[in-house]
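Taken in order, these protein sequences are the chains called A and B. Residues in the first sequence are numbered from 19 upward in steps of one, following the working numbering. Residues in the second sequence are numbered from 19 upward in steps of one, following the working numbering.
The list treats identical chains as one, so a pair stands whether inside a single copy or across any two.
Calculated pairs, DSBU-like style, for lysine-lysine (alpha carbon to alpha carbon, straight line, at most 30 Å):
1) K145 / K69
2) K21 / K171
3) K310 / K145
Keep in mind the hints are simulated off the structure, nothing from the lab. In this text, all values refer to a predicted model and were calculated from it rather than measured experimentally.
There are 2 protein chains.
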Amino acid sequence: MEKAKIQKYAELFARVGGNVQKGDAVVIDADTQDAAFARLLAESAYDLGAKEVFHRWDDSICRRLKYLRAGDEAFDAFPQWLTDSYDHFDAQKAVLLYIESDDPDLLAGVSASRVSRYQAARNAALKKHRELSMSNAVRWSIAAIPSPAWARKIFPTLAGDEAVEKLWQAIMEITRMNEPDPIEAWHRHNQNFQGRLAYLNQKNFRSLRYRNALGTDLTVEMPEGHLWLGGAEHDKEGVPFNPNIPTEEIFSAPKRDGVNGRVVSSMPLSYNGNLIENFEFTFQDGQAISFKAKKNEEILRGLLDNDGGARYLGEIALVPFDSPITRMGLLFYNTLFDENASCHFALGKGYPVCLAGSDSMSAAEVAKAGVNDSLIHVDFMVGTEDLSVIGLDKDGVETPVFVNGKFAQDKS
Amino acid sequence: MEKAKIQKYAELFARVGGNVQKGDAVVIDADTQDAAFARLLAESAYDLGAKEVFHRWDDSICRRLKYLRAGDEAFDAFPQWLTDSYDHFDAQKAVLLYIESDDPDLLAGVSASRVSRYQAARNAALKKHRELSMSNAVRWSIAAIPSPAWARKIFPTLAGDEAVEKLWQAIMEITRMNEPDPIEAWHRHNQNFQGRLAYLNQKNFRSLRYRNALGTDLTVEMPEGHLWLGGAEHDKEGVPFNPNIPTEEIFSAPKRDGVNGRVVSSMPLSYNGNLIENFEFTFQDGQAISFKAKKNEEILRGLLDNDGGARYLGEIALVPFDSPITRMGLLFYNTLFDENASCHFALGKGYPVCLAGSDSMSAAEVAKAGVNDSLIHVDFMVGTEDLSVIGLDKDGVETPVFVNGKFAQDKS
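Next up, chain A with everything else stripped away, as it sits in the complex (with noise of 0.2 Å):
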């Protein structure tokens, strides 16, 4: 990919993921692979007025190291001054930009007790500053550049150069970079984001059933006062930014305990570097009591059992069978694509954002409200060709909202 266009990239991400205002302090969370970007991402932030931009830096495959060779104690703790330099940020309002790259296997192998262990550990220390960044407290924005072991797991067929730029391609024409104008196409894209975003809320539907062929047959209620989102979100200043680049969903809260039925993966869940293939879950009063997979159902298993939150429902998401994602056809083992690809719900922490008056509500408040809380919050995919959804008002009218796997409202 020629320079100039990842430059550009990097602005998008700068301008319309995080909204890099003048005077904004800007951490960068970075794997060293990604150095030549990230020190873009810089320049375009401190164009925009930053007043400092630091970077977070890591390196993946030292990461996979520790986690092969280091002494088993590694893993149970999370040091204080690493927590300290997240709320040093936060108290800044600092704007956090994540350049998104690992390979997809990165922890293939690794023993999935440390791994979930030092998730759970990392979690719980971090848990104010996800709160933070879960209620737009602090604005934040992620998105994606190739990593060589990425891309060819992605094209495991092309040469590593080929599958880098082959990776760079769908990454600029799904984040809407080959547009004349991206930055101008965010804008439109966020603005179309509203007609649906109007229409379900008005709609204010006390639960959605889910069935298709594989399986699924899931009824999930939603909580009184719930808001769809989707698109740009807004800070508590009302600056907005976009937490995903790219974005095709609109999502909410299910009501925690409403959650009833069977749920079964479209899409294989890329999880803390290994991949868990072909899950499903039954759910009743809200908790999957019971679960299963073909690939790695141990690593599945750590997952559920990070804490009392993480059998639980947080995100609800809708995403047409025909967004511009999904019909690219590739699978990118990687949550912030596929996700877009496809109908999800995220195990575990619910965005307090998807409720109304949630600003001046205590976290006692929206967990009472009905919206899970978790150290998790984990997307997996459910959406299918022949995904069907039945909305169910509060006088128990049936609306379809999608029919084989899309939104009903479009066809007409």
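Chain B: place on chain A using the hints.
For chain B alone, coordinates are given in the frame of chain A:
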């Protein structure tokens, strides 16, 4: 350079440099451009039984970008969480391995005030950490690998890859990696220091007088109980380690207020990414009362203005002009190498371990014994082919220590 040899160099660094022991925590300081080597180094540390390896990453290009583009207030503070991270690892007596690869011209054109203010903030914040490492309470080591920018600076007429390969060859030669058994060669090298150290420690000179044709005429008094050190050092538990790879110097601490005369630099000084060239100092009762430099005099002024101890000498080091590194005839623009090609001094803090019995002395007692304290420690080169150093013992007897840039003792 072939990967197997680089791997062996990483092993030398972990084993002879830091001397990583079973159960040690290890911190690797590395630039993102050093990632491949930093991974090999981590593997070597794990091979030696490290319980955990933490990488403290930095990116020199982003560092430069910050100096150029961040708001001015970014350079007056060093965050508490980052200071705490040093304390966290020091509390575990983590072994520190610093990978050096910086472009000597990294900060050319950057505001000298920003650099010196940030250095001052950093040095003040990390004072405790520096005291622990300079008194060998923790084991630490510095070794270098080529970066394209550094290699181009040394070999400006070579193409990028060739310059890097040439610098690898120089580093491998100088660090005894071309010996049949490099680790054994380092054991011999460390033993070879013992003869000269015993001679100088037995002589117990009261002062040393430096003279050469550049115009240097400097008398340096030595404190009572001073020790000459060189080669391997030992931590408080008696575990040996080599702080510098390579090392050819024999060093001690001068008497803080006992330095008088003029000293002229014999090599440029690479300080904070800037080259200070053709500089000299005049000392009176220990203090540099005047100085000049043909290039980057303002950077030099910033260095001397760090604190009250920055204008006093903290280290005196003897290196024969026929050392293997001198004979190579290269200017490395990097203290780790250039200090081993030339007699030198350091401005700033002296090593407490250069006093007999320092293990049981407080910082105040070390200062009272005459060893300088400062937040900085910066070496500069004074050795020349015609350098004469004469030692004066307590009875006023004169002994030639260096004649024509070499140890006089070697002639007999």
